[in-house]
Amino acid sequence: AAGVIQSPRHLIKEKRETATLKCYPIPRHDTVYWYQQGPGQDPQFLISFYEKMQSDKGSIPDRFSAQQFSDYHSELNMSSLELGDSALYFCASSLATNNSPLHFGNGTRLTVT
Amino acid sequence: GENVEQHPSTLSVQEGDSAVIKCTYSDSASNYFPWYKQELGKRPQLIIDIRSNVGEKKDQRIAVTLNKTAKHFSLHITETQPEDSAVYFCGKNAGNMLTFGGGTRLMVKP
Chain A
1 AAGVIQSPRH LIKEKRETAT LKCYPIPRHD TVYWYQQGPG QDPQFLISFY EKMQSDKGSI
61 PDRFSAQQFS DYHSELNMSS LELGDSALYF CASSLATNNS PLHFGNGTRL TVT
Chain B
1 GENVEQHPST LSVQEGDSAV IKCTYSDSAS NYFPWYKQEL GKRPQLIIDI RSNVGEKKDQ
61 RIAVTLNKTA KHFSLHITET QPEDSAVYFC GKNAGNMLTF GGGTRLMVKP
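Chains A and B supply the protein sequences, listed in that same order.
If you count by the numbering used here, then the first sequence holds residues 1 to 113, one letter each, in order.
If you count by the numbering used here, then the second sequence holds residues 1 to 110, one letter each, in order.
Honestly, the hints are just simulated from the structure, not real lab data.
Quick caveat, the model's predicted, so the values are computed rather than measured.
The beta-carbon is built from N, C-alpha and C at its ideal position, and this holds for glycine as well.
One or more hints might be untrue.
What the hints assert, rightly or not - No farther apart than 25 angstroms at their CA atoms in a straight line, the calculated lysine-lysine pairs in the DSS-like style are these: (1) B:Lys42 to B:Lys22; (2) B:Lys58 to A:Lys22; (3) A:Lys13 to B:Lys42; (4) B:Lys42 to A:Lys22; (5) B:Lys68 to B:Lys58; (6) A:Lys52 to A:Lys22.
Stated by the list, open to error - Partial list, derived from the structure: chain B residues whose beta carbon lies under 8 angstroms from chain A: (7) Gly16; (8) Ala19; (9) Asp49; (10) Ala70; (11) Asn93; (12) Asn96.
Take these sequences, add in the hints, and give me the full structure.
In structure tokens form, the structure reads like this:
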């Protein structure tokens, strides 16, 4: 079965640069979530979209923005990168029915040097 | 969303023994509680979930119990195997958002 696709798998950037992470949800899933996971930490919710509109907002810095496009894929844009932004970034998708499970992509490992 | 507390943070068991991980929460509105397994550098994978209208759910060696009155739920793994070694996260919904506990690193010693 098709899973959540994230690209790139790995990304190395320097401080103050920008990065764009992409996510393609499972077909027919209408909700996309972004999570940030630092080393040895639990995934921290950043932001979610339902039917291309922002749904919930978590601990997403102002330097980050995200959107969901007409084909339901989503992009996380990160500017003025800091060393502390180095982490695994997961996208997950689900159906917006009550209590539908989240399915995670394989993540993008961002390293800021 | 509100926090969910998870204990223990690390758990070491002998192969064949049982493992229990517990989570507590305070948001009375939460009604969905999934458990995810995450191997090093890989994505979290759903292993079992429970909804608030059910007190217990089993899937082979894995079971989850929910006490909605006391606001805690637990993951039980029986007959543990080395491949069960991973980090386990409990989760709960807060609206359409899912928040996670701090994780439990389970080590199953052969």
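Going through the hints against the structure:
For the hint linking lysine 42 of chain B to lysine 22 of chain B, the alpha-carbon distance of about 23 angstroms falls within 25 angstroms, and the restraint holds. Pair hint lysine 58 of chain B plus lysine 22 of chain A does not hold up; C-alpha atoms about 36 angstroms apart against a cutoff of 25 angstroms. A C-alpha spacing of about 21 angstroms is found between lysine 13 of chain A and lysine 42 of chain B, which places the hinted pair at or below 25 angstroms, so the restraint holds. Under the criterion of a C-alpha separation no larger than 25 angstroms, the hint pairing lysine 42 of chain B with lysine 22 of chain A is consistent with the structure, at around 17 angstroms.
Proximity of lysine 68 of chain B to lysine 58 of chain B is assessed by CA-CA distance (about 17 angstroms); at most 25 angstroms being required, the pair is judged to hold. At most 25 angstroms may separate the alpha-carbon atoms for a hinted pair to count; lysine 52 of chain A and lysine 22 of chain A meet this at roughly 14 angstroms. Because the closest C-beta pair between glycine 16 of chain B and chain A is about 28 angstroms apart, greater than 8 angstroms, the hint is violated. At about 18 angstroms, the closest approach between the beta carbon of alanine 19 of chain B and any beta carbon in chain A exceeds 8 angstroms, and the interface hint on this residue is violated.
Checking aspartate 49 of chain B against chain A: minimum C-beta separation of about 6 angstroms stays under 8 angstroms; hint holds. Below 8 angstroms, beta-carbon pairs count as interface contacts, and alanine 70 of chain B has none with chain A, the closest being about 20 angstroms; its hint is therefore violated. Below 8 angstroms, beta-carbon pairs count as interface contacts, and asparagine 93 of chain B has one with chain A at about 6 angstroms; its hint therefore holds. Checking asparagine 96 of chain B against chain A: minimum C-beta separation of about 6 angstroms stays under 8 angstroms; hint holds.
Checked against the numbered hints listed earlier, the structure breaks hints 2, 7, 8 and 10; every other hint is satisfied.
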